[in-house]
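Asker: Taken in order, these protein sequences are the chains called A and B. The first sequence begins at 1 in the working numbering and counts up by one. The second sequence begins at 1001 in the working numbering and counts up by one.
No lab work stands behind these hints: they were computed from the structure. Among the hints, erroneous ones may be present.
Heads up, simulated BS3-like pairs for lysine-lysine below, C-alpha to C-alpha not over 25 Å straight-line [said to hold, decoys possible]:
hint, chain 1, residue 1, chain 2, residue 2
1, A, K291, B, K1087
2, B, K1176, A, K206
3, B, K1176, A, K283
4, B, K1006, B, K1176
Per label pair, the in silico range of CB-to-CB distance [unchecked claim]:
hint, chain 1, residue 1, chain 2, residue 2, range
5, A, D68, B, W1020, 44 to 54 Å
6, A, P278, B, K1087, 24 to 34 Å
7, A, R149, B, G1145, 51 to 61 Å
8, A, L270, B, N1103, 38 to 48 Å
9, A, N240, B, W1020, 23 to 33 Å
Positions of the beta carbon are idealized from the N, C-alpha and C atoms, including for glycine.
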Amino acid sequence: MALQSLDIARRSATTTESPSVRQTTEVAKLIDVTTCIGCKACQAACMEWNDIRDEVGSNAGIYDNPRDLSAESWTVMRYSEVEENGKLEWLIRKDGCMHCAEPGCLKACPAPGAIVQYANGIVDFHEEYCIGCGYCITGCPFNVPRISRKDNKAYKCTLCSDRVAVGQEPACIKACPTGALQFGSKQQMKDYAEERVADLKERGFKDAGLYDPQGVGGTHVMYVLHHADRPQLYNNLPDNPSISPMVALWKGIAKPLATLALAGVALSSLFHYITKGPNEVSKELEDELEKEEA
Amino acid sequence: MIRNPKDLTRYTAQERANHWVVGICFILLALSGLAFFHPAFFPLAQLFGGGVWARILHPYIGVLMALSFLAMFFRFRSLNQVTPADKEWLSRVGEMVDGNDHNMPEQGKYNGGQKMLFWALAVCMLLLVVSGLVMWRAWFNLPVGMVRFGVVIHAATAAVMIGLIMVHIYAAIWVKGTIRAMWYGTVTRAWAKQHHRAWYRQVTGKS
């Protein structure tokens, strides 16, 4: 929702500067996977605040429910059972939009203003400008956006941009009973994560760390992981996500160059015509054939 | 309509209709496709009723173009086999571009350049159809790695094809007396003798 038009830092399919006279604090959500109990209060709060109801699915024999993100489920808990140091570990990760500093969705989107990044770091979809092409899915390194089958628009977590705009924390944060979800300035969240990581290390998780992947310029949703050296343990969280080189090639310098090349072909044709003149049938040949016909 | 009974028929009504179905589809596809190609062209989406309509219509028009091009491909394939005379023509294409085509090797119904264009367009068309289907989320939901590859191929091929069609249109404008062949099917004997002498001989039986 465009509650903060002054604070839009980046806008999809727009080649000119965004309003940038005002600086705002970068915000972040911190998901401490090590203190998450998998209660899904965050999922319920997300549904409630955003007023979205997914279809009732079926039980697949695991806790994951709904099974995947959808246009009506903007956050889902993903449960992984792994064996570490001879013990079972139940790793529960709240999945959803990571709000990348370099958003692949925004880079890929062809519709002006359908995806924006606020100065506070939140990446938001403006569905009224969305054309439903799905390029955001192609651009996302985390497989987050989903196209609705009802209206063919793309949806994902907004980081409750409407709540944040009026100084409130996102709905999921408010609902979390264990403090596994924290919200504040990005710096505050990093400082808090540092304490958590130090604590985990003291308790034997020597590879504990913060997940703030630099391949996408850092994210505004970060994780504290017990095994930060192996993010893929957490239901295939990418080790080092970045915008695919294919997407960079597709949306990078190639297109302006191709546009120039096409303009070059059009202009060369024009100048060829006015310098060389038209290629006409010679008068000589016309006369010769006219005589033949007569 | 007969302008001059001596004129030579270059294209039948079916061939012309087939060509223009492909041509109209191509123009609509280029305009709607450019809208997604770069923000500078996004306003072109308005021609189709906005971005959403352009996104909905583009692939269906693409299917129509693919089918009508396939028909045209089989119509003209045998006339576009490359011969040694075409290779010589192509090696001396600079003289042609320079506007001095009187010493160019004798050409049949199509010259070497036209044949190259035919095959280049056929390759572009194949790449566009395959990559286009990969991107078509209304009907297909393929692995993201494939889609990422598909979008690059689709955009690059489309840019090449728009360039080729610009050359195709310009050649028709530049060589006077050509466009009427695609409007109402005939060309003058003098036109045929100057630009496609071997074809002229074949259809008139004259030297």
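Asker: Each hint should be assessed against the structure and marked as holding or not.
Answerer: Hint check:
no. : hint                         : in the structure
1   : A/K291 x B/K1087             : violated (34 Å)
2   : B/K1176 x A/K206             : violated (80 Å)
3   : B/K1176 x A/K283             : holds (13 Å)
4   : B/K1006 x B/K1176            : holds (18 Å)
5   : A/D68 x B/W1020: 44 to 54 Å  : holds (46 Å)
6   : A/P278 x B/K1087: 24 to 34 Å : holds (27 Å)
7   : A/R149 x B/G1145: 51 to 61 Å : violated (23 Å)
8   : A/L270 x B/N1103: 38 to 48 Å : violated (27 Å)
9   : A/N240 x B/W1020: 23 to 33 Å : violated (52 Å)
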